[in-house]
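Q: Two chains, two frames, a set of hints: combine them into the complex.
Residue numbers (this note's numbering), protein chains in the order written: chain L, 1140 to 1471; chain A, 137 to 643.
There are no misleading hints in this set.
Result set (DSS-like, lysine-lysine): computed pairs, CA atoms no more than 25 Å apart in a straight line:
id : chain 1 : residue 1 : chain 2 : residue 2
1  : A       : 148       : L       : 1326
2  : L       : 1326      : A       : 144
3  : A       : 640       : L       : 1145
4  : A       : 640       : L       : 1152
5  : L       : 1326      : L       : 1340
6  : A       : 609       : L       : 1161
7  : L       : 1402      : A       : 200
8  : L       : 1340      : L       : 1462
9  : L       : 1402      : L       : 1419
10 : L       : 1402      : L       : 1208
11 : L       : 1161      : A       : 291
12 : L       : 1152      : A       : 632
13 : L       : 1467      : L       : 1208
14 : A       : 144       : L       : 1244
15 : A       : 609       : L       : 1208
16 : L       : 1152      : A       : 291
17 : L       : 1145      : A       : 632
18 : A       : 169       : L       : 1326
19 : A       : 200       : L       : 1244
20 : A       : 143       : L       : 1326
21 : L       : 1244      : A       : 143
22 : A       : 397       : A       : 453
23 : A       : 291       : A       : 609
24 : L       : 1402      : L       : 1423
25 : L       : 1326      : L       : 1438
26 : L       : 1145      : A       : 291
27 : A       : 208       : A       : 291
28 : A       : 609       : L       : 1157
29 : L       : 1423      : L       : 1438
30 : A       : 148       : A       : 200
31 : A       : 397       : A       : 463
Hints were generated in silico from the structure; no laboratory data involved.
Please read all numbers here as calculations on a predicted model, not as lab measurements.
Here is what each chain is made of, one letter per residue.
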Amino acid sequence: MHIDIKAASLQQKRQAYKHLAKRFGEDRPASRYEEGTLDLAPETNFHYRPLWDTDHELYDQSRSRITMKDWYALRDPRQFYYANYNITRAGQIESVEHNFDMVEKRGMLSAIPAEWVEEISFYLLPLRHYEWGANMNNCQITALGHGAALTSPTCFAMGDRLGIAQLIGRIGLAIASNNETALNAAKDAWINHPDWQGVRKMVEDSLVIEDPMELFVAQNLAFDGIVYPLVYGVFSRESDRRGGAAISFLCSFMNEWFEETGKWVDAVIKIAAAENDENKALLKSWFTAWESRAVAAFKPLSVAVLGAEAGAQAIADVAATLKARAAKLGIA
Amino acid sequence: MSVTAPKKLSLKERYRILTRGLDWTTTYQEPAKVFPHAEFEGIKIRDWDGFVDPFRLTMDSYWKYQAEKERKLYAVLDSFQQNNGQTAITDGRYVNVLKIFLTAITPGEYQAHRGFAMLGRQVPNVGLRIAAQMQSLDELRHAQTQIHSCSHYNKYFDGLHSFSYQHDRVWYLSVVKSFFDDARTSGPFEFLIAIGFSFEYVLTNLLFVPFMSGAAYNGDLSTVTFGFSAQSDESRHMTLGLEAIKFVLEQHEDNAAIVQKWIDKWFWRGYRILAILAMMMDYMLPKRIMPWKDAWEIYFNEAGGALFADLARYGIKMPSTADVANKEAFRLSTETMLTFYQMGHASGFHSWLPSEDELKWLADAYGPEWERLYLPRFKYFRELEAKGEHYYNPSLPQLCQVCQIPMFFTEPDDPTKICFRDTVYNGDRYHFCSDGCQHIFENEPEKYVQAWLPVHQVMQGNCGGATIDDVRKYWAVEDGEDNYDYVGSPDETMWKGWQADRLKVGS
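Chain A extracted, bound-state conformation (with noise of 0.2 Å):
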């Protein structure tokens, strides 16, 4: 065979070649049966050759990347481990933060990459199913690295031991599983702008400001160097969100509205998860970052801004409850706290009051109106708290129907008064925390009044039986290990030791 000198291909077309060339279109099954998921959202697709693949990463490639990522990553989660790195963190009430983050956070990459999966198997464009293949793979790399990366922590802290099993059952959980339940659920296209966009794209940024730089901060060497390991897959994920909208956006006019309809809801969904992160933030980490509502400035109205001006031209707007939740900026994290002091007894995790020097950081940071909300209520629990009568709430809450969280938020326009909505459907009363979880229900109620909703479950004998001892159990909450107050907590007591053994002569 003569060959003459290879003809020189630019990485774009070699890339085109080894993937674009592979699918084919099915004659002895029909299109329709081997991709069945792909019209009853109604989203018009003229031709799905228009989507560009925003990556080019084949798959040695891709290999390539990831293993030396991991290499890093393993090198120094095995020196953390050797070296005690869990020593040297800041405080103990710190892992507080990890309990959430590995209970809460670490089950949703599970459920992304099952979700990528059914993306990457049922869109009919070649692009976009290796694009999400490669995301599938991604976020089963994070619920791996995470549950390892947080493993030493689970050797010597409490809370973090049965974080898959808990979010199956635990009642503040609910709140994130039946988030990506409810993405998983949809079709492909609803899923991507779910998490593809609204999640990894709008709401990302906020959620590792918490976690990663909270990490870092707070000499959490395991878990910093999981958040720089995932940033460039996370870059990768959100790219592949913005290209996807835009490509849904420019293939015909009439999806707008379905988008537009999506935006909103997934924006209200995701963002009433950030209540938690909020929190931790505000209230959490030893070594603060910086209040949420200045993140909440940064990563969703200068940015999120930003980003809403470029999709102005496919005529999609800012979602429809940005403005509640600008309003809800000074008080998200107090609000959050505030409950989840109070509901200690029935949480996998430590609360704790700040202190002086917190309160005033937290006085700063929210200026007047927050002082004369809320300090009084912090200074009627320390007093409590100083006569021994730490405040237990004995009642379960009411939940919302759509995001699951119990009834504390308060009206846009009056923070002493609890926003409480209802509808009526099918002759039963449904109740939401906001508008905007309404009209999610109002949109799809024969969806939302499926929900497993803890309280309700508790209270119908679902979860192990009728006392707090039995739920508790059911939760795999350890009485008197994993919850009630850092202060006085076994954890707390472990911490001490350590703190007085560093400056102990050695033996």
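Bound-form chain L, shown alone (with noise of 0.2 Å):
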């Protein structure tokens, strides 16, 4: 049944913002991502040259070594706009907090072995200081990249970094009974444990790369490519063997982050490289650079979790996991 309620209805005199109806070649309705995302960032006619970059316009395409004709070629497959990125993570937190309330009333922490809760501080704890290297380099990618359509998405990913980094150090909390004890000692390792300092010093050179599209590369495919699929898939998958099935359930946000995000990325790199064959060669340069850092510096990491023998297939199988997917990208 349907019940009809006569509305008056008034004649358009255009169905969407010009620039709009221009690249859609028509005139028809645009959804709120096209609306918020397209042509929104200033393309010329700037007035100063930046005090702190003479070298460059405000806003300048040539501060990164990819050319595009078209910026805004870059979509993001989510088509994230401010209010759905915020109400898909709120809703998101809220299983979050659920996992947090359930862990806590079953006491799931305090079954966990001590020996095993050691080495979950050891692995998972200090990436929190890898989540803000990785906010930070999203940052600089939205303050400097091209196009609304790129920076709109890094701007979000800057705030899942934050978001993430905290969540670890609700962990780190959670595991020591609300004592900084865990987080203190994960810091540490982070600064001085030799395990950790080739992801470090990987981490802080990347602070410095100064093409925004080769940090996109190095951060959220390279770096995050192996992270993820290592901590948050083989090492869980560890943990779960070992009595902490409760540490992945609390990480499960950062799976399913990885998988909506991952594709994401993959769409930006894509078209970055299907743009012209100079794209391609540099992403791929890129990408085989970075990515292989990322390999040697999470090794020890992956021996020290799983073992020698374990340790380096473990890191093996991750790799090649990243490489058929920047296979698939048109860059390996």
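A: This is the structure in structure tokens:
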């Protein structure tokens, strides 16, 4: 059954903003993603050169060696704009809260064997500093990348990485009965433990990458493409086996997030690589260089957590998966 | 593992652990290379940890609060569209306020988004960086929600269709663009003082009154709902601006002189933008809120006065040009309106003469001197209109090198004389609308000689061609639709049609 409501209908003069209609090739209604993203950043007639970078205009595509006829080709398949981004994350955080509640109510953390808690503290908690590096890198791309199609999702990624860093921090508090001890020990490992120094050096080196697209490839494809499958995949499965399933449970957001965000990262790189051969060669060289850094950096941790043989195998498997992913994007 | 009862953490403790602990001092790369913008402005910071985070908002809470606000806002926007809320505004003229809003302010929100991202990366303190990052997200929110809340109006009214394209090109929009370009091309501390303090803290209320209260007074459910929804973001931004300036001033006594110079500069830069808002309040909102000079009195002289009294302990004084702004208060809106009225052929929104009632309201608000100076001009323009000779100024105006507004402001102490200032730099003469703008230029001439001045660009043939038709095309101003007087415009015809339909018997 259907109730009919009569409402006055008024003659519309146009369906969409003109810059959108021009892109569509027709005057059709635009989605909120399209309205809030396309052609949003200033493009021309800049007034002053930045005091901090007199070689470039304020918005300047030559900050990257990647060239695009249209930077707005780099669309986000998730079609995130601010509202649906926040609403999506708020929904996920509700599940996270639920998970924390359940773990606490059932005393699930106290059931984890002490030596495995030590191990979790060693491999998981220092990653909040890795996430903080990822936050800074996506923030940098947001500040200096070209076109809002790229820089709005990097801004969301910036927020995501802070959120994940804080989630790891909460786990660190939870396993230490809300004392800072575990997090302090993790920070000490990040700064001083030999197994972590490759990762820290890699992250610090990424903080001074000048090309925003190189930074995008390094952080969002090469580093994350090793870290997430290794830590939240392989290490989590190991954790389940060793009685630490509660930790995998608390990290389920990271798996969900990586899968979702990977679709966007892949889309950006695939389109940029398909644009021209120079792009493809550049993206490939950046990926190869940073991916091998990431593999080398995480190997000691993999070995420390899984043992020499299994650890080496795990990092090799993760690297092979990432290379296959890169091949699909046209940059292997 | 034996777990003792969890320690109780205060919100403040919890926030500190989850944020302050994230940062570390880099050793594989020198900190100066990781934060290359931190020192070049000469601001001295003894202890970065002295910055007190004003909000203590973790990301999970941010997502939750913001998602809740967005759900409510978009429910209203959907309803507004479904029910043609645009027919319920006070008058079709009102939409011209939205045209200015979307073409001038929304792209400014976007610039603030990118600027706060820069700050959120470059400041070597984790608390300040997170606050800046959240503001960067907020500013993107404001740009997008404004585009979404104006989207429905664009389907019916002219002048909203090419907002971002026009922001890069149209003459009066370069006033706002150059303001944000100026802030963004500065270092992190100046940006913070320019946008975080001077704009957000000192001037935001003056921006919100004409737009958001204006929307509330004029039945614009779409925009006013955005306004209410953005209020809590804005108060966070104001708090950040104030905390940041206090932090900088407390860190080293040498900072006060630099900060004072920036306050003087950014007060005047921001105040010049407000000229167009003054015009909106006094001439464009069909239902007026209050005269510009009252808003200025309340939000600048009273609120700002208290603020600067509070900052006096750091040696900070009221901006040196505030007295000029006070002298201009009774005429600012009128001088601006009279200019746009004459430039109607070259604008992306409509202008019109005030009605008799409106002139009486203005005369009551602004007193005998206003009547003596301006009533005859309105009378004269009205006589021309009656003869079918609406006056449009065919010449291109001279622009101020700094604020980029046409040189129509008058001498602080003589409202009958245009205020001209000039200075010679590297053999070229530059022109200014005021002492304020001249001083800004003289402090950084190498910056302001670069300005992309729309009139110069038109003259040099960089804006589509030699005729006004060519230039209007370059601006994406649709001739005969977006421009000229509201009276006789397609907007007016449509609006009158809707009004007539209201009382018709249903078909």
